[in-house]
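J.: All chains should be built: construct the whole structure from the sequences, respecting the hints.
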Amino acid sequence: MLTVLLAIGILVLLSLIFGAILGYANVRFHVEGDPIVDQIDAILPQTQCGQCGHPGCRPYAEAISNGEAINHCPPGGQATIQALADLLDVEAIPLDGDHGTETAKRVAVIREDECIGCTKCIQACPVDAILGAAKQMHTVIADECTGCDLCVEPCPVDCIDMVEVGVTAKTWTWNKPQGIAETSLNIIATDRQAEVVH
Amino acid sequence: MQTATIFSFHGGIHPPENKAQSLQLPLGKPSLPRELILPLGQHIGQSSRPLVKVGDSVLKGETIAINNGFLSSFLHAPTSGTVSAIEERLIAHPSGLSDLCIVIKPDGQDTWTTLAPLYDWQENSRTDVLAYLSEMGIVGMGGAGFPTQVKLQGAHKNPLTHFIINAAECEPYITADDMLIREKTLELVLGIEILQHLVEADNVVIGIEDNKPTAIAALKALITQRKSKIQLAVVPTKYPSGGEKQLIQLLTGKEVPSGQYPADIGILCQNVGTCVAVHDSIYLGKPLISRFTTLTGDALNAPQNVEVLLGTPVAHLLDYADSAADKLHRLVMGGPMMGYTLDSAAVPIVKTSNCILAASKKELPAPAPEQACIRCGMCEQACPASLLPQQLLWFSKSQEHEKAEHHNLFDCIECGACSYVCPSSIPLVQYYRHSKSSIREARESNVKADLAKQRFEARKARQDAEAAEKEAKRLARQKAAPSKSAGDKKAAPAKVAPTAAPISDDTKKLKVDIAIGKSKLKKLQKQLLEAQEAEHVEDINALQLHVSEQEKNVASLEEQLAKTAPAATPAQAPAAAKAPVSDELKKAKIDVALIGVKLKKVQKQLEATPDDQELKDKVASFEADLSKAQAALSALGASTPAAAAPKAAISDDLKKLKIDAAIAKAAVKKVEKALKKAEEIQAPEIDAIRQQLQEAQKRADDLEKALLNPVSTAAQPTAKTNETATNLDADAAKKRKIDLAIAKAGIKKAEKNIALLKEQGKDEAEIKASEWPQKLIEAQNKLAALEKEQETAAPITTAPTVSPAAPADADAAKKRKIDLAIAKAGIKKAEKNITLLKEQGKDEAEIKASEWPQKLADAQDKLATLEKEQGANSDTATVKSAKPEPKQVEAKAESIATPEADVATQVKKQKIAAAMAKAQINKLTKRLESAPEDAEYIQQEIEATRQKQQDAEALLAQLTHSQDNT
Ligand code: SF4
Ligand code: SF4
Ligand code: SF4
Ligand code: SF4
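In order, the protein sequences belong to chains A and B. The opening position of the first sequence corresponds to residue 1 in the numbering used here, with each subsequent residue numbered one higher. The opening position of the second sequence corresponds to residue 199 in the numbering used here, with each subsequent residue numbered one higher.
Since the hints were derived computationally from the structure, they do not count as laboratory data. Heads up, the beta-carbon is just placed ideally off N, CA and C, and yes, glycines get one too. Some hints here could point you the wrong way.
Computed cross-link-like contacts, EDC-like style, restricted to lysine to aspartate or glutamate with a CA-CA straight-line distance of at most 16 Å [what the hints assert, rightly or not]:
1) Lys176(A) <-> Asp520(B)
2) Lys227(B) <-> Glu568(B)
3) Lys646(B) <-> Asp128(A)
Covered stretches of chain A, going by a simulated chain B footprint (3 or more residues, C-beta under 8 Å) [unchecked claim]:
4) 45 to 53
5) 84 to 94
6) 109 to 122
T.: Listed below in structure tokens is the structure:
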């Protein structure tokens, strides 16, 4: 009888001690959970183009967290959709064509002799990637340009072109190998090579 | 010399060496190619910036491009010649892409520029030597082309235990370093000594594979000879012992931790080629313009090592090594393990090109088709980096980059050992390369996205701040508005300046406004003066109005200014300016009085001797003086607008008086003129005109006197207004106009009725018998009277005017108005009833028999009398001519249907008027006694008042009479 009581007493004591430790750890090592909107926003390409129908990437991130479809971001394309699908644990769906199509990365280029210096493009650019002053020639800081297209519309003399960013030796990436070719699966070492009659 | 301990590393393979071919021939020296192509990005980091333009001629060793930032390098002309182009050319890169290159057309002279060797490098500071090496364009010549000075700087992060010179040259086919050591042993050792001096490592070890016995022997001999501390470590041949991390492990037994650099564990590695280049630059002053390259492969008839100028096209070297075009199947830059296939032989040799492998089909067969991984684990055993290649393959294939990273993908040196051993011919390295570049791309785009986000948010914050600022300003303006609008109310028509937020701005604006207002005022006053001189009465009135308005503006502005300029400037304009102004005002008043007195005297003389031209002239000049003085006075009065409220009221009165005075004077002048004319033509009316003149003069005098003591005049305005009201009161004028309109309407109505009667076929007799003709006449009479009144109201007297009679009592006027309204209402009612009767089909006789026509007539009559009363100051002649009728009518009217109450109030009113007039007379007589010098003026007043009294009494009698009749 005494042993039973002793065992119960020890167990109670232990549970109290561990409970206290756990409670302390919960407070002490509390991690502010990354809100889902931030995580979504981090996946979005931050082009700030508004093609998704929201005034910027973060508003779309908020909309997604509120249940909007994940396939409204053309600059992000399929990769972004895939990443969002992984994050939100939903089905990856094809890009919604209503919001535009995925294009190669582009930057705005101002034909500088034609610019009249109206500053309209500066006002349109969501990331302040255009440099210029009233009645002065304007130019795009290519490194800052997200290729959002928003400056093209307002230009009264249509001197802004969206130019595809070509691959240079510095930005070139290795292609993924073809993978296992269809033919290589059918290889029979003793079989005749080629001239297969169908 | 010491022999270093040798360790070993995991994995590694033993591919066929194939090094002998290129060592058959001695070091070759190819001829100058037709052009040298120098890519600006021959190294890791930022591309160099070209210093030359197309067409520039350059000497051998001249700098043609400088570094572009920290991680960058210099570039030099490999030979003398001209810059023929700076353009995109194909470069030696696995992508087969083009990049910007400086193209030099050699002149064949190979003329060196002036070389400046750094002989005293031991005395120079380390930084200076590093800078010198940077300017000499030295980069790592073994692998990626890392700028040497940057690597050396990084080596000082930790104290160096080992300085390792990499002479392993483990990759098959390549013998460039072997040849270099053989050819330039001394230079190599000297270069190592320089670097050792710079980095001060505990141990200096040359790591060399045991497949280079000649080179080892040469080194050994020299080191022994120089009694150098350099250790020679001969390592067994195993691929990839030349890998930096692998060699470090071989020589020191230490492993470079994942994601770290050798410098982090106190080790520095340099390639033998780099050491020789350092020697050449320090001792010879030669920049890095050439290198040792192996030309090998079955497709070459004369495989060999060459010392080749940078920028030499591969095609030129193939020619030099006598390539067999039919045999050439695959052109590879680098070795068979780590090199990459070249698409074109036009690409140039760069600082990192250690081998050109022109392979035949047999030598480098096309890779067998990839098959599924059988999980044999051979790759894992071969991997020198101790990775799990097949695991990485899965992650790479399924694009699980994160997991691949967790499995240390970035520790893979892309040695190709795993691919080499894989029985399934899986191009493992290609998968890893793809994964690596995908990850790098994602990282870069993440950085860019973060930047874009930052910029976007910064812009949004800025815009929000701007909007908030605007809003705040708007609110401030709104707050400021009420106080401003208070000022606005005082200056009803004033256009007050918009109030800016800061007070000082406010006051400034107000001051400016005041200045503008004052200048406008001055202009107006000037115009007024001119008008007064030119006797344009209408202009005077209008201008006077403007002037007073402007005065008000300025006054209100000044008040505002006083409010806005706080205690700091209390003694500002108003108080300070008031004193002198009021002084001036006094003076001006005195002036006016003096001139007035003089004028009077002269005019009296003129009366006595009307023919005296001199006197007349004097009168004119005095009058002009007077008007000027008055203008000055009014101006001054305007400039003291900040006076207290009661004063302001008086000044209003004063203004009116002034205007009256001006008008009266104008009248005097006119009459004088008329007199002159009359005298000229000996007209009989001379006397009458003279009398007029006298009267007008008197009036002017009175007004001037009133001006002199404005307070007293203000206190008893009624006494005088009866004389001047006709001319002045705008209200009265308006009323008269309305009366006129009504009278005209009455005439029209009467005419209409008459026309109606005619239409109805009534003959003339009948019509005459009806009341309408009578009414018409009455209305016409009334109209005439009113029109005359109107004329008299205009200041110029067209007919000799006897002093007017009716009291100008405001109360009485009001009451009369009420009466008028009642009478009019009565007329309307009567008319309505008549029309109603007509509508009901009653014939004329019936209607006439009813009381309404009668009533209508009565009411109309009464209206006429009332209106006449109102215009009682009209000239007596008209009144007299009009009188008999209204009297009759009155008698009739009151005998029948006039509301008795009306008559009673009338009676009362008249009684009051009479009483007031009597009181006035009494007062005036008293004043006459007390001030005999004003006798004339007072007497005049008494007379006028008496007239008034008489009129009132006459009216009273009439009214009582009519009352009696009812
Ligand atoms: S420059 Fe034009 S395309 Fe580029 S980010 Fe700005 S608005 Fe968009
Ligand atoms: S909108 Fe067009 S014209 Fe105006 S500043 Fe921009 S580039 Fe120049
Ligand atoms: S390529 Fe990478 S994974 Fe393959 S053996 Fe070499 S280091 Fe290991
Ligand atoms: S060697 Fe090839 S087949 Fe074998 S485990 Fe590695 S990847 Fe798979």
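J.: If a hint holds in the structure, say so; if it doesn't, say that too.
T.: Hint check results:
Note on lysine 176(A) and aspartate 520(B): the hinted pairing is violated, with a Cα-Cα distance of about 36 Å set against a maximum of 16 Å. For the proposed pair lysine 227(B) and glutamate 568(B), the alpha carbon gap of about 42 Å is over 16 Å, so the pair is violated. A distance of roughly 14 Å separates the Cα atoms of lysine 646(B) and aspartate 128(A); the hinted pair therefore holds under the 16 Å criterion. Closer than 8 Å: that is the beta-carbon criterion, and the stretch 45 to 53 of chain A has 4 residues meeting it against chain B, so the requirement of 3 holds.
Proximity of the stretch 84 to 94 of chain A to chain B, defined as three or more residues with a beta carbon under 8 Å from a beta carbon of that chain, is not established by the 0 residues found. Residues of the stretch 109 to 122 of chain A with a Cβ under 8 Å from some Cβ of chain B number 0, which does not satisfy the need for three, so the listed coverage is violated.
When held up to the earlier numbered hints, the structure conflicts with 1, 2, 5, 6 and fits the remainder.
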